[in-house]
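Here's the letter readout for the chains.
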Amino acid sequence: MEMIQIVGLGLIAAILSLVLKEQKPIFAFLIAAFAGIAIFLFLIGKIGTIIDTLEQLAAESGIQTIYLKTILKIIGIAYIAELGAQTVRDAGQEAIASKIELAGKVLIMVLAIPIIGIIIETVVNLLPA
Amino acid sequence: MTNMAWLSEWLKEIIFIVLLSVFIEMLLPNRSMERYVKLVLSLLILMALLTPLMELLRGNPAEKLRAAIEEQLKPQQSQRSSLEQILQEGEKLRLSQQEDTLKWAGSETARQMKNQIEAGTGLDVDKVAVTLKIERSKTGEGKDAEEYDKPVISSVKVYLSPPEKADEAVMADTNSGKSPGSSKGTIQVPAVEPVHIGVGRIIAADQNADKGVTGQSDSGKTAENQAGPDDRDDQKVTAAPETADTEKIYTLLGGNWGIDRSMIQLLTESEGNQR
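The listed protein sequences correspond, in order, to chains A and B.
With the first letter of the first sequence counted as 1, position 119 gets the number 119 in my numbering; the numbers rise by one all the way through.
Numbers in my numbering are just positions in the second sequence, counted from 1, shifted up by 129.
Bound conformation, chain A alone:
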C-alpha cells in the first residue's frame, strides 16, 4: 500500500514538473524538491523502526554502542548528502551538487578519525619503544 502511495506521489510530481517546466522552470524544480523531501519524510518512520531493531539487537548481544552509532551516522550522512546533491543536480547546479557530495565524504571521513587514532595507538603500543 505504502509503495503505491509513494509511486503515485512520484508520478504526479513528475507530470506536474513536466507541465510546469515549459512555463515556469523554477516551480517545476520546487515541485520536484518537495516531492523528494516528502518521500524522504515518509520513509523516516520506516527507517526509525529499522534503527530501533538494530539497537535492540546490539544491546542484547552486548556490542559496544559506539560501533553501531558510527555506522548509523555514516548511513545517515550518505543518504542526506545524496538527497541534497540530486535535488541540486535536478536544478541544473552540477557544481553545487558535487560540493554537497564532497561535504558528505568529508563528514564520513571525520567519523573515521577517532577509530583511526585508536588503531594507530594500539599498533604503536604493540611495537617495542
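Hints may contain errors.
Straight line, CA to CA, 16 Å or less: simulated EDC-like cross-link-like pairs of lysine to aspartate or glutamate [as the list claims (entries may be wrong)]:
| id | chain 1 | residue 1 | chain 2 | residue 2 |
| --- | --- | --- | --- | --- |
| 1 | B | 203 | B | 184 |
| 2 | B | 377 | B | 229 |
| 3 | B | 141 | A | 90 |
| 4 | A | 69 | B | 142 |
| 5 | B | 262 | B | 213 |
| 6 | A | 73 | B | 253 |
| 7 | A | 105 | B | 163 |
In case anyone wonders, no lab produced these hints; they're calculated from the structure.
Dock chain B against the given chain A, drawing on the hints supplied.
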C-alpha cells in the same frame, strides 16, 4: 570458563559488525560514497578485532605479569611454610626432650658424685649440682664422620654443709684420719662466713645462664638453685676455702669423672640459713 565467555563475546561483536556493514553497503544510495563508507566500516571491523589486544595493553603489563606470577607461586609458598612450621615444631619437641634427658642425667650424675665424695672424703656434702652441656662431636674420620650430640659435663658445684657441730667435725676427722691441722682448716670455715659475699652465687648464676641444664642431687633445694641471677634469696653461699679436703674432692672428681679442675666449684653454705 571466563575465557570462553570472553571469546564468545568478542566473536559476537565481530559477526554483528560485519553483518551490519554488508547491510549498509547494500543500502547506500550511490556508488560515489561507497569507497569512503567501506573504509570506515573496515576500520570498525579492525578495531573490533583489536579490542582484546588493547585490553591487554592497558595498564602496566609488568605489574600484571608480576601479580600473575605471584598468584601462581602462592600455593607452593604456603605449602613450604607449613612444612617449615612442622620442622620447627619437631625441632622444638626434640630440644625439650633433650633438656629433660639432660636434667635427669645431671641429677643422676650428681647423686653418684655426692655418694663418691662422701665415701671418699668423709665430708658432709649438702648437695651436688651438675651442669650438662650438649656438644656436637664427630665419629670416625674423613668422609664417614657423622655428627652426633654428645653430652659433656660443663660444671660441677659441690655444696658443702657447714660443720656447725664440733662432734661432726671430730667425726669427720676420725673418719678420714687427717691431721688436726687440716681438719682445723675445715673448721675454720665458720670464721670466714660472716663476710657473706655472694661470689659463689653469682658464679652459679652465670653458669646457669650458660646453655646447660643443672641437675641436682636430692636435697630439697632444687627450686632455689634454679632461680635466676637477680633472685637473691636466703641461700647465701661462699666459696669454700682451699684445704686438703677440697683438694681431695678435686682429685676424686677429676679421677673418677675426668672433670677439669676449673669446672668444679666448691661452695659452702652460710650457717644462718641452713635447714
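To see whether the hints hold, each was checked on the structure:
1. Between the alpha carbons of residue 203 of chain B and residue 184 of chain B the distance comes to roughly 26 Å, so the proposed pair goes past 16 Å and is violated.
2. Straight-line distance between C-alpha atoms of residue 377 of chain B and residue 229 of chain B comes to about 32 Å, which puts the hinted pair past the 16 Å bound.
3. Pair hint residue 141 of chain B plus residue 90 of chain A does not hold up; C-alpha atoms about 44 Å apart against a cutoff of 16 Å.
4. Annotation: proposed proximity of residue 69 of chain A to residue 142 of chain B holds, straight-line Cα distance about 14 Å (limit 16 Å).
5. At most 16 Å may separate the alpha-carbon atoms for a hinted pair to count; residue 262 of chain B and residue 213 of chain B exceed this at roughly 27 Å.
6. Straight-line distance between C-alpha atoms of residue 73 of chain A and residue 253 of chain B comes to about 115 Å, which puts the hinted pair past the 16 Å bound.
7. Between residue 105 of chain A and residue 163 of chain B, the direct Cα distance comes to roughly 10 Å. Compliance with the 16 Å bound is thereby established for this hinted pair.
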